[in-house]
Amino acid sequence: MQLDAKIPSGPIETRWQKHRFDMKLVNPANKRKFDVIVVGSGLAGASASASMAEMGYDVHCFCFQDSPRRAHSIAAQGGINAAKNYQNDGDSIYRLFYDTVKGGDFRAREANVYRLAEVSVEIIDQAVAQGVPFAREYGGLLDNRSFGGAQVSRTFYARGQTGQQLLLGAYQALARQIDAGKVTMYPRTEMLDVVVVDGRARGIVVRDLVTGTVSSYSGDAVVLATGGYSNVFFLSTNAKGCNVTAAWRAHRKGALFANPCYTQIHPTCIPPSGEYQSKLTLMSESLRNDGRIWVPKEAGDNRPPGQIPAAERDYYLERRYPAFGNLVPRDVASRAAKKEKDAGLAIGPQRNGVYLDFADAIGRLGQDAIAARYGNLFDMYERITGENPYEVPMRIYPAPHYTMGGLWVDYHLMSSLPGLYVIGEANFSDHGANRLGASALMQGLADGYFILPYTIGNFLSQHLGEEKVSSDHSAFRDAEGEVAGRVEKLLSGNGTRTVDSFHRELGSIVWEKCGMARTREGLLEAENEIAALQEVFHREVKVPGSGVEFNQSLERAGRVADFFELAQLMCRDAREREESCGGHFREEHQTAEGEAKRDDENFSHAACWEYGGGRGSDAILHKEELEFEYVKPSTRSYK
Amino acid sequence: MHLTLKIWRQSSPEDAGQLVTYEMPDVSEHMSFLEMLDVLNERLTEQGEDPVSFDHDCREGICGMCGLMINGSAHGPRAATTTCQLHMREFEDGETILIEPWRAEAFPVVKDLVVDRSSFDRIIQVGGYVSVNTGSAPDANALPIGKEVANRAMDAAACIGCGACVAQCPNGAAQLFTSAKIAHLALLPQGQPERQRRTQRMVEQMEQEAFGSCSNFRECEAVCPKEIDVGFIAMMNREYLRAKLS
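As you go down the protein sequences, you meet chains A and B in turn. Per my numbering, the very first residue in the first sequence carries number 6; after that it's consecutive. Per my numbering, the very first residue in the second sequence carries number 96; after that it's consecutive.
Isolated chain B (complex conformation) (with noise of 0.2 angstroms):
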């Protein structure tokens, strides 16, 4: 099929930026989109042009790496599918296709499509663990955790921390992403000395970044490539407020 694309070019994070259309007249519906990248990029190579900077791993949907917005919406338009296990058969012959980065100020661009989401990280380095070192473990089957309740923080745990939720958020916020950790280890045992701690610690440095605030327009829900529900968020709320009450 033809399909023309409109890509987002920046070659530094202090250029401008600006949006360039590339025509590809042979895309194949079985390709992913990131193989029909692919050959954008092999096709500029040849020509003596700079390819587009996009970032990707495992192309299993997995590591979390890549990520675009595909016609405004973070990963495109099929549901529960990040960028890279997206295919061409969800697009038709003769459409355009807008290409853009995570639209976020705490994910600032560093080149084309590539963004910066150590802001992530850095929430999760305040608190996002249980203190146990090495070696200091009991049996594992020295606490029996209910099916339901494992479950549950399996889905939390889930997160593949994309920064989809964040981007296509009208507010650039990361309630999802934050609250999913949260979650994860506030409904396991192992989670509970710290819980308190942990979660003020997380939301205070969450508030630190540039991320905005949740609004409650539930878009992160929608786009998430795990499906994690926005439960958690209310979850994350009642513990901040239960963590500054006490």
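If we strip away everything but chain A, and leave its shape as in the complex, we get (with noise of 0.2 angstroms):
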């Protein structure tokens, strides 16, 4: 298989803008001959719908929530990069390319990530003049704050709240073109199955999730925004529903999975309080600001922390990392909690935290000061753990948040199966092995206000005037007929054990051997078990009820049947990528130091793997080699 990334020629200062002009149009009268299906309403499938139908496409939106306004980036919290310099403190378009570049340790398409830092300055535009009510000097303008480790001020926020409103920005935008008649929504339906014809994506299978119909939907182009995978790992920060399915069915039908052991693990989570323990909660990233990560330097040291002197503390990130100290990227900081907690350093009832400590933060400027800054998940930790953040540390351990990995996608987003488009966090292309602080909710925002509505045209206009393929083509019925029978074989388990009871295991294999370290032999052994394990689910799964009905036990089956598979690749990527970047960290490639170190010589593509069967050992690689004619590879230091 040949891989074309399609990457404009010239200066990368003008490609975005020239390649624009490159593409070719469907003029207005045009497209409402196009139905285009967007499965995902989240930021990036809620904008890309709205502008695709403000354009004049017929759309048809489907998510798995009651409502589109549910997605989960409506969680995330401290906000959003634009490279608009309102701070005068030195930013630009090409410093916010430079940083994402580096951050995500030289393995992200360098034309991508400067079109995101170039389009991230209109998303700004747009959610303000939508009425996204971000935070504000007195004068009336914008606030911004430095965010993630950044050396300038270039996050918009709102509130502890910055996911939600911008998510209710495209949401309403997205209200808007259901009234007007422009997109056809579809809650509480789930996306089972990319339908291919000749060697195109023309539709979808899905299941009505409140009668369980299963049913097939035609379009002259699919659009996965389906968020990452997060919770192949059980435990994360990210909502229960979130899943791999969408994107895994369309890899099972052609399209490359592009690096999918990049994962990332952010350092400022709630640890899990019990055996129970159903997710995570992220604590914000801000909180580093102010606070201060300590272990006890003795292991075994039972004190209450108030009793602990401060010279039988060890802030190992400020004895580590002088320079940046608590403000170390996410990466770094995961990993040297988890450093501490492998020499027996952890705190809490279950050993399985570190501190985040505001004493000195509360003493320095007044608990007044601190509340003002952080009173909303002063609180929120409160709540979930009982305890009183401004009278002993909080507890945080690294957890999985967000994944780099994804489909592969060309300049155009459009996977390696054509008329197959993957936006936001489903696809691979724009964070390489590490994603900033802030960049998320700008990068799903870019690809589907700015982007996608583009490109898209390029494709369509190639096939004006063809005929439409219905939904009653036998490709159709037979993707139906599947996706059926997958759903009977899952039903018709006589099985004793929970779904969730095996979705726990296969997290537990995979955080242990595929998490924040990861080793050639742990992984090898991790495919074996989880092949192993996925033996047993199929034979011993129980799910109750029938696929008739309403029925949470047999969406979470059905989900956790593709996390098997995925988990399986994950473990391969990460054993073939003989090499540490970002937030891959192989034990064998460290320095003396202990940090990461790179092969550049040998790693600087991107892994895509093409589908060979479901074992990970079966996948067949391809590579796509990255060049980086500006920002030349380094290594990333922050002693």
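Note that these hints are calculated values from the structure, not bench results. Backbone N, C-alpha and C fix where the C-beta goes; we use that ideal spot for every residue, glycine too. Don't take every hint at face value.
Claimed, not checked - A partial selection of chain A residues facing chain B, derived with a Cβ cut-off under 7 angstroms: (1) Gln-131; (2) Pro-138; (3) Tyr-143; (4) Gly-145; (5) Gln-169; (6) Ala-180; (7) Arg-181; (8) Arg-388; (9) Tyr-454; (10) Gln-467; (11) Pro-549; (12) Phe-555.
With the hints as a guide, bring the two chains together.
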């Protein structure tokens, strides 16, 4: 298979502009002749659906939640980056581009990242025009903060609810198009397969989650905006419904899956409190601006934190990284916490956390100042743990949060399956091996508002006048039959174990062996253990109820079945990547000081996997070599 | 701790439904309310019984998907807290807990504790937005907005659309939800051109749905997990009057 990323030529500053001119257009009267299917209604899906409907396309948007307003983008707390340079601190499109390529540890595609930085400024304009209530200065202009260790203040925010406000902006734009009759919305509807006709994506098979009816929809293009796969770990900060099924089904039908081993482990989450733990809650990264992270110097020190004198505490980030201290990037902070836990120094009743301590900041600034900055986060922490973080340090530990890997796309955001586009977290393109804070919202909205609506026209214009494929076509009947067969198989098992019990066990294997630190040996073990557990799953899983009703156990069972296959590919990808980069840390590849050691000579590529039958070892590797013409690879140092 | 749960079970919209009692002998105080239900469901599944259906997603109090009547109170006993963020330390050993779905004609039951809130989406669809096409926006700082105004708009925009306000209201009224969106946009300069049309259409859509009328019980404000205040309802009423008179 020949991979063509279709990156335009010329100076990087003018590529997107020139490309927009070069692409073919669909004239306004012809746009309504095209039906576009969009799966997912988060930032990427809602913004793409609304924008394409405004242009004149007929859009069909699907989501599994009861309303498009509930997609998991809504949970993003911190903010959204844009190269506005409103703070006059030397920011620019080029600097945001540079920071993102470097932050991704030189494993992202330069041209995509430059375009992302370029359209970032338009996103803020659009959101403000929609009425998104960003934080403001007394003079009425927009406020910014520095986020995630950036040396400029380029992050726009709406209290601790930036994702919510941006999503509601996109949701409202979508609602307007639903009212105008240009978008048909299908809530509580889950996509279970892509339909391919003559090598091109022509539709999807869905299950109505209320009635259980399996049916299909045809269109001229299919867009997946279905988010990431952190829930493969079972415990993650993702919403419970987040899953890989749509992306995985597309992968099985021919879309390459790129860099599945690039997962982001966020350093500041509340550690699990017991066996029943169902998910993990993120505490915003902004807390590291004032909180100091430490563990006791002596393993087994059982004194309450307030009784451990300063000399007997190890502020390990400040010690190891004097320049950045508690503000080192996410991957570095997460690995450092793991190192302390592995050394037996973790704290808390379950010995599964490190302290994030605000005592010094409260002493310096007063409790009121800290409450003004983080009050809602402190309240949330108290609700969940029952502890008052104004009096005792927070307990935190890293947790899976975001996945940089995803379906491979070219510069147009089209996957290797013609007619199938992938946007937002579901694709692989912009964050390389590590995503910087406040960049996920930016990418989702860049893809949805400003990139896909242009590039999809270039594809559709080449198919003007072609006959529509009806959902009565045999390919649709066959795909529906396959889906119904899978549902039937899940229900027919006469086992005794619940879906969640398998998901937890799968998650714990992936977390232990393909989490924050990986070894070749561990990954090989994991691949075998996962394959073995997968067999037990299909033999012994118990899915109560039937397929023709509202059945949440059945929904989960289908998603977990796909996670089993993805997990094996993640391990394979992690095993083949014999280097450490960003969130991917191979213990065999580290410097004498324990830092990640890249191998640019052999691994400066995106690993793009072709489906080979479900086992990790069956997958076929294709490489997209990455070229760095502008930002020359260097070693990231935060010392 | 040992808890007794009385849970509303209803297999379909047509089913009459009934309360079923479940004993939970080993609940940890650190569990969230939904984790306790997860434990119950694991047990029911293993025993070959149908687990209890309930809506939930982010479990961080922001998506608005979860929502249960707990001992007659929407989202349970703790103020400013969604069901997913409620933890069992709020309850006493030996307590009996009554768990019901949102009770409102406008939110028909789908199954067990799951209801249909699409009426909320329909209210937003008729006008809960600023009509600005992608790509047509001026520079974000071209329009200064006072900090207090932006903050007040944010207070209203914080609504998560969970429906607790409707569920708690003796009339099943949706005034708090509808007014939050009307106020968010009426407070901001971006919302001015469509201010009257928006108010009129949203209020009229609300009245066409099966919601009741507001008679100032203020139960909505008391249970709102985002502490949205009834001042916005007064504002909506003024906005509506103004729209009708002009």
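Okay, the hints, checked on the actual structure:
no. : hint    : result
1   : Gln-131 : holds, 5 angstroms
2   : Pro-138 : holds, 4 angstroms
3   : Tyr-143 : holds, 5 angstroms
4   : Gly-145 : holds, 3 angstroms
5   : Gln-169 : holds, 6 angstroms
6   : Ala-180 : holds, 4 angstroms
7   : Arg-181 : holds, 5 angstroms
8   : Arg-388 : holds, 5 angstroms
9   : Tyr-454 : holds, 5 angstroms
10  : Gln-467 : violated, 23 angstroms
11  : Pro-549 : holds, 6 angstroms
12  : Phe-555 : holds, 4 angstroms
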